[in-house]
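This is what each chain is made of:
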Amino acid sequence: MTVSVQTQDFDIAAEMDALTSANRDIGAVVSFTGLVREMTEAGAIQTMELEHYPGMTVAALTEIADQACARWPLQGVRIIHRYGPLHPGDRIVLVLTASRHRQAAFEAAEFLMDYLKTRAPFWKREAGAHGSAWVDAREDDDKATARWS
Amino acid sequence: MTVSVQTQDFDIAAEMDALTSANRDIGAVVSFTGLVREMTEAGAIQTMELEHYPGMTVAALTEIADQACARWPLQGVRIIHRYGPLHPGDRIVLVLTASRHRQAAFEAAEFLMDYLKTRAPFWKREAGAHGSAWVDAREDDDKATARWS
Amino acid sequence: MQALYFSWLRERVGTGSEQIDPGPATTVAELIRELSLREERYAAAFADISAVRVAVDQKMVDLDHPLKGVREIGFFPPMTGG
Amino acid sequence: MQALYFSWLRERVGTGSEQIDPGPATTVAELIRELSLREERYAAAFADISAVRVAVDQKMVDLDHPLKGVREIGFFPPMTGG
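Protein sequences, first through last, are from chains A, B, C and D. Numbering of the first sequence is given in our numbering, commencing with residue 1 and proceeding in unit increments. Numbering of the second sequence is given in our numbering, commencing with residue 1001 and proceeding in unit increments. Numbering of the third sequence is given in our numbering, commencing with residue 2001 and proceeding in unit increments. Numbering of the fourth sequence is given in our numbering, commencing with residue 3001 and proceeding in unit increments.
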């Protein structure tokens, strides 16, 4: 179980190899990659700035990963979340889950993403020709998180 | 939407780039990678041989991918399924789904895997020191497929 | 008609592919009965019909599917891909 | 006590980090009221309290959380990570 908060990009194939290469009892690996979308309701964006709470972020991600490991029989979890300025098409977040069978890997990855969206101290600001604005939290994300409790 | 049936391994990062690089309206990419597990109920295996129905396989996978595209607002789907002799730790199958938002990508990937397990013409034979045997279909997989209809 | 067999059906029939004459059979179920009467290897392959899946011209079909116009018929156990 | 502000709370308060004196406040809610009375920039930041989340010593807490022994308090809007 490893958690990183970083400005640099990540290599999903290398991360997956690191998670699985020492363990031949893994039958299923699920990944989620979040990307910066160019079109928003306000118009096309040029940059997305991700602010975070440095003292709290790694602890919050670790707690979320621990919860997933307590709920599902996982053989591995990896979370990478970027911060700083990003651009359309850039990767924002990677979640990897490894398990014997696919159901646990899928469910745990969904759980991790739902919790990341509402419990990890990151805030997005989008900027384009139309101006810039902080991204509002989505009610849907709260509902998605609530379904696990 | 691209489907491949092949003996050679695949590069998940390259596949993901090919799926997403031309489209800046993708916010979520989910991948499922299936791996050969060493330990089975019968004991440790040395090889897993995957037989398939060559004339039918690509058409069956394409139909499954088309169904997913009809049910969810997907920006891309990629399926790679290997056949031939494989060994513990080897990749068997890759499913990639790309969408604006994560829920569609997650659900479509789960749907594709459930259908692949029960509707794609592949058969696994495992061999180890204890002998060799065809892998039985799992009742759980039928139930997982049935939940989508 | 070309018949294809996969997995343990292939092993029991003893070949992966052969030309078969359906004789008087007009449906998949009748063809299975017909073959099972003809030779022990088919009887062994089709003994547990609940474990047999059939594709006609590379599309999955039920056992009551008609044989008229069929060029290829595939027999196999439940799939175990993914 | 060290106070940290993020996202638009940081912008409205005008700083990301500062030392604050909680005065007579004994809970998070009382501190928010106290600060809002002291200066307009706090009143603006905390105007819609339903949009304010609080962490005490880097753990999320409710508004009735006591301030006793607290070294760091963070104020921010609902998170939008992932």
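Wrong hints could be hidden among the right ones.
Keeping only pairs whose Cα atoms sit at most 30 Å apart, straight-line, the calculated DSS-like set for lysine-lysine is [what the hints assert, rightly or not]:
no., chain 1, residue 1, chain 2, residue 2
1, D, Lys3059, A, Lys143
2, B, Lys1143, A, Lys143
3, B, Lys1143, C, Lys2059
Derived by calculation from the structure, the hints in this document are not laboratory data.
Here is how each hint holds up against the structure:
no.	hint	verdict
1	D/Lys3059 with A/Lys143	22 Å, holds
2	B/Lys1143 with A/Lys143	27 Å, holds
3	B/Lys1143 with C/Lys2059	22 Å, holds
Every hint, counting from the list given before, is met by this structure.
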